[in-house]
Structure formats: structure tokens, C-alpha cells
Amino acid sequence: MLAMTLQQQLDELYQTESRRVQATLIRLLGDFELAEEAMQEAFFAALHQWPEEGLPDNPTAWLIRTGQRRGIDQIRKRQTARKYQHLADAEEAFDPEQDHDAISDDMLRLIFTCCHPSLTQEAQLALTLREMCGLTTEQVASALLQKTTTVAQRIVRAKNKIRAAGIPYEVPERKELPERLGSVLKVVYLMFNEGYSGSDGEQVVKVDLAEEAIRLAGQLADLLPDSEVCGLLALMLFHDARKAARQDDHGDLITLEDQDRSLWDAEQIAIGRQWLNRAAAATPAGPYTLQAAIAAAHAESGDADHTDWHQIVALYEALYQQIPSPVIALNRAVAVAMRDGPATGLALLDQLESQKAIQAYYLYHAARADLHRRLGNHKEAISAYERALALTQQGPEQRFLNRRLSQLSSPQL
Amino acid sequence: MKYVALVYYPESTINAMTEQEWHDLNQECIGCVERLSSQGKFLAGQALHPVETATTVRVRDGEVLMSDGPFAETKEQLAGFYLLDAVDLNEALQLASRIPPAKLGSIEVRPVRELPPKD
Chain G
1 MLAMTLQQQL
11 DELYQTESRR
21 VQATLIRLLG
31 DFELAEEAMQ
41 EAFFAALHQW
51 PEEGLPDNPT
61 AWLIRTGQRR
71 GIDQIRKRQT
81 ARKYQHLADA
91 EEAFDPEQDH
101 DAISDDMLRL
111 IFTCCHPSLT
121 QEAQLALTLR
131 EMCGLTTEQV
141 ASALLQKTTT
151 VAQRIVRAKN
161 KIRAAGIPYE
171 VPERKELPER
181 LGSVLKVVYL
191 MFNEGYSGSD
201 GEQVVKVDLA
211 EEAIRLAGQL
221 ADLLPDSEVC
231 GLLALMLFHD
241 ARKAARQDDH
251 GDLITLEDQD
261 RSLWDAEQIA
271 IGRQWLNRAA
281 AATPAGPYTL
291 QAAIAAAHAE
301 SGDADHTDWH
311 QIVALYEALY
321 QQIPSPVIAL
331 NRAVAVAMRD
341 GPATGLALLD
351 QLESQKAIQA
361 YYLYHAARAD
371 LHRRLGNHKE
381 AISAYERALA
391 LTQQGPEQRF
401 LNRRLSQLSS
411 PQL
Chain P
1 MKYVALVYYP
11 ESTINAMTEQ
21 EWHDLNQECI
31 GCVERLSSQG
41 KFLAGQALHP
51 VETATTVRVR
61 DGEVLMSDGP
71 FAETKEQLAG
81 FYLLDAVDLN
91 EALQLASRIP
101 PAKLGSIEVR
111 PVRELPPKD
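Chains as they are written, first to last, in our numbering: chain G, 1 to 413; chain P, 1 to 119.
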């Protein structure tokens, strides 16, 4: 019976502490692979020793110390690993008293290393999912809808580069922090979006990437309460809160204005608001904070008609000042259409027409189609919907556009 | 760790420079080497003559083959190199970002591979 509860305790400890243990072991042992083996061995050792010796006072410290010892034994065995010899020689045992802050810093070190700009973004994402979120390579591959061999290769190559190129295991200095944090946040948001759009009802994805991204951002916000970290967390919480209302029973898309708002997760929206308030305390607000504020304006309005479009247009304006991208200009134009009517929005969209990137973006054509539809320009609407349709590969989007098309083609009742 | 910073730029940009601009760039590079040396980060380095002075050598079946120019046509040409002594990649990248032609072209930073011990 005792063994049973210990097993459960260990399982739980593995869930909550294995990443932390591994992050610290990477620092102590200086090697990703070795640290992972050592972490696994430490848990294995606990499984055998704790039933006899009882639960240690500080299980995490015990696991780290045991892992460190196992890792150093490994280094000694590998005669070839000369370059790690200094770690075996030093043999400074991990001391939880001295090293208390370091454990949480190790999680930060780990994510900054995983998201180092000298790695490709694909590699950053795969490595972060593997090392920070603790997914297996198979889980990473299935969540990203990629082949396991591709992902495995990407991770191996990234780890090799970290070792060979001397990518340090450290939190960047203050002056480099904004830029380096930017690449971390990008990966977290990419992870969220992979999860957000990847779950189209046709794919059975066992890992919820959106959830992982939110958890990771929460962890990051605890360790490094930068305003943009809080802003990104708020943004993801708002988007994710609408999850249940985004699709109907057939997995078809429901637009924001037609969503059943009682299905929105009010509790999560309230948590998002708290993070947004923390983020907005810093001025000027960064891009994630502005996007979170836009998401909040939607999430907190009781119905589509009462949405504060004046505020949303102003927020897009501020966002466009920071990131003058055609996609943001597109969103601004849609917001203007909601505030001032479809004709004004359409005029703004037409100004974007000369931009090549926007021409290949299906949402541009979908937005034009929608505004033409609202204006009663059936012919223009149909041709824009057709262009949008040709540019998207995703099932739910295609079905949504087809539905609009058939509504336009059939005689109005 | 040792890193090599390979300096590339489009020679066309250099060719379009005035005497004064070319002079200033050279002085900046001298300053950069002095700064790196005083920090103990500079191990070696040289600027190179333009790519039209290059000769490529190959040995095939024991025969030495020589040809004019570089191995491949590229937009940017190799203009020089630095051998740097840095703690880690972050420091190497930071040093490389202050090499003056970084503003004109690109700097490729590569860790040095030590050869295995002699048999």
C-alpha cells in the first residue's frame, strides 16, 4: 500500500518537477542528452530507494543531487568525453541551500537556450516543446503534424549546434534581453497558434499545444514578469477562452459575431484581464499587450453589436505604428468597416491591393468578400470568396467559404 | 572558445564608394582590430583583396587544377576574416556585430573545430 502511494507521489513529482530537475542538470552537467538520462535515472533510483528510506525532505534537491552523481559517473565511464572532464573533476555536489534561486533560473536559462536566435524557428519550437514542456519527440511530431524522423533530426541538429557552437546556458544580459525575450515569446505564440489552428476536428491531436503555450507563458511570467510576457499570456487566455464557441458540432467555423457568447469561458477571460492590467501598467504598451487589449475588447463585450469598435480601431492604429505589416492594416480596415460601415472599410482594403504578400493571404480576399456581401455586391463578393477559397488548404476554412458562396448563389428568400 | 568571423560584403557597394568613404571604412576597421586586441579577443585576422584577385586550386587524380576566381558566384564576396577568442557564442556574436562591414554585408560566425590529437 505504501509503495502504491509512493508511486503516485513519484508520478506527480515527475509531472511537476522533472523539467526543473532536468534544467538544473543541464547546467550542472553541461549536456542535454546526459542531463535527460541522468534525470530519468534519478527518478528510477527514487522508485527503488524511497520505499526503504522514506521520502526525502526536499525531493527535488534529492533528485538533482542523484542525477548529478549519475551523470558524473557516466562522464567518468565515457573515456572519450574529455571535454567534460572538468565537471567530473570539480565534483561540487549540488547544494539546495546555496542553489535555491538557481533552480528557477535554470528554467529561464533553458528556454533562452532553446529559443536562441542562432537556431531556426522550427528548431526553437521543437526544442522548446521537447525540453521545456517535456513532450516526447513523437508527441512533438504529432502535435506539429510532422514526421517523427523530421522532428527527431531537427532536435538532434539543434542540440549539436548548441554544443559545437558554444550557445551558452544563460539568461541574456539586460541590454540583450528585449530582443532575446522577443524570440522566446515568438516561439510561445507560434506554439499557441499551431495548437489553435491545428485542432480542426479532423486531426486527432493528443497534445493540446494551446494549453502548453499558456502554461509555459504562465511559468515565464512568474520567472520574468516583463510586461510583454504578461501581455502575451493575456492574449492567449482571451483567444483560448472562446475555444468552445469557435466551431459547431461539425467542426465548422463560427465567426466572432455569430458565436454563442455564453460558451465563452468567463473565468478564463477574467484571469486574462488581470494579466492584461499588469501588462498595460508599462508604457508604451508592446505589440502583444495591444493585441491582448483588442482581444479583451471582444471577449468582454456582451454581444457583437456592443463591441467598442472605436477602441479597437485605435488599438490597431497603435499596433500598426509599431508593426506596419499589411496583415495589421487588413485587421484595422475590418475594424474601421465595423465602425464606419463596409464601404469605408472596403476603400481601405483596396489601398492594400498593390501589396504582393497580401494578395496571397486568403483572409484579405475573405474580408473583401464579406464587405462586398454586406454591401449587396453579389458578383464582387462571389469572385472574392472564390479567390480566398483557392488560397486556403484548411478544411474548416474551406467549408466556411463554400457555405458563404452557396448562400450568395442561391436565390435570396 | 575560438570563433572565426568571415566578413562578406557586396564588392559593388565598395566599388561605388568615394575615396573618403573607403578611407573611413578602413580606419574603422583598424579601430575595430585595436579594440578587440586590447580586450584580448583578437587572435588573428586580415582583410582581403577583391575577389577578382582570387585563384581557386583543386587537386584531382593527383593533378593540380587552377582556375580564375572563386568557387561559386555569390551576391556577397569574402572580404576578410577575424579569429576571435570568446567565452561563448553570445560573446562571439556580440563582437562580430561590431565589425564595421557588418553594416554593409554579413558576418558568418563559426566555431573553430580542433583537429583530433595526432596518431
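It is worth saying that the hints were derived from the structure and are not from the lab.
Source: prediction; values computed, not measured.
You may find that some hints are simply not true.
Claimed, not checked - Computed list of lysine-lysine pairs in DSS-like fashion (alpha-carbon distance at most 30 Å, straight line):
| hint | chain 1 | residue 1 | chain 2 | residue 2 |
| --- | --- | --- | --- | --- |
| 1 | P | 118 | G | 77 |
| 2 | G | 175 | G | 159 |
| 3 | P | 118 | G | 175 |
| 4 | G | 356 | P | 118 |
| 5 | G | 356 | P | 103 |
Right, here's what the structure says about each hint:
| no. | hint | in the structure |
| --- | --- | --- |
| 1 | P:118 - G:77 | 23 Å, holds |
| 2 | G:175 - G:159 | 26 Å, holds |
| 3 | P:118 - G:175 | 43 Å, violated |
| 4 | G:356 - P:118 | 57 Å, violated |
| 5 | G:356 - P:103 | 28 Å, holds |
Figure legend: structure checked against the earlier numbered hints; hints not met, in rising order: 3 and 4.
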